[in-house]
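Take these sequences, add in the hints, and give me the full structure.
Read the sequence shown against the working numbering and you will find it ends at 93, with the numbers running on by one and no gaps.
Please keep in mind that the hints were generated in silico from the structure rather than gathered at the bench. Just so you know, even glycine gets a beta-carbon here, dropped at the ideal spot from N, CA and C. Mixed in with the good hints, there may be bad ones.
[As the list claims (entries may be wrong)] Pair ranges (Cβ atoms, derived):
#, residue 1, residue 2, range
1, Gly52, Phe11, 17 to 25 Å
2, Phe11, Ile44, 30 to 38 Å
3, Ile88, Glu13, 35 to 43 Å
4, His23, Gly87, 16 to 24 Å
5, Val81, Gly52, 16 to 24 Å
6, Lys25, Lys93, 28 to 36 Å
7, Arg80, Thr15, 32 to 40 Å
8, Gly87, Pro12, 17 to 25 Å
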Amino acid sequence: TLLVSNILLSFPESTPAEDVMHHIKVEVDELIAAQVRLGGQWLIVSNEVGLGLVPPYPLGRVYRDALGFANQTLAREACRVIFMVAGIPMVIK
Numbered sequence: 001t002l003l004v005s006n007i008l009l010s011f012p013e014s015t016p017a018e019d020v021m022h023h024i025k026v027e028v029d030e031l032i033a034a035q036v037r038l039g040g041q042w043l044i045v046s047n048e049v050g051l052g053l054v055p056p057y058p059l060g061r062v063y064r065d066a067l068g069f070a071n072q073t074l075a076r077e078a079c080r081v082i083f084m085v086a087g088i089p090m091v092i093k
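What follows is the structure, given as structure tokens:
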């Protein structure tokens with residue numbers, strides 16, 4: 001969540017979404033490569049923002065899409081994924 005928001009807010013709001021998404025993809029790929037290189041267990045905590053309404057403003061939509069992409073990419077590489085709802089863990093992978 002913070003990784004994506006920090007990257008997103010480092011660009012001017014007029015930056016095309018594709019440029020922001022490319023930078024987020026690079027950072028997520030580097031994070032995955034670091035985990036592979038360093039080994040050990042990593043715990044990554046993120047928010048789920050795709051279950052609600054579509055944000056009415058462009059920055060919110062880019063954030064939702066970018067975080068969804070990051071979450072999907074990290075989950076695909078993870079050995080275990082837990083979705084927490086109201087403090088109840090649901091193992092989804």
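Hints and how they fare:
1. Gly52 <-> Phe11: 17 to 25 Å: holds (24 Å)
2. Phe11 <-> Ile44: 30 to 38 Å: violated (23 Å)
3. Ile88 <-> Glu13: 35 to 43 Å: holds (37 Å)
4. His23 <-> Gly87: 16 to 24 Å: violated (34 Å)
5. Val81 <-> Gly52: 16 to 24 Å: holds (20 Å)
6. Lys25 <-> Lys93: 28 to 36 Å: For lysine 25 and lysine 93 the Cβ distance comes to about 21 Å; the hint is violated.
7. Arg80 <-> Thr15: 32 to 40 Å: Between arginine 80 and threonine 15, where Cβ atoms are some 35 Å apart, the hint holds.
8. Gly87 <-> Pro12: 17 to 25 Å: violated (38 Å)
Of the numbered hints listed earlier, those contradicted by the structure are 2, 4, 6 and 8.
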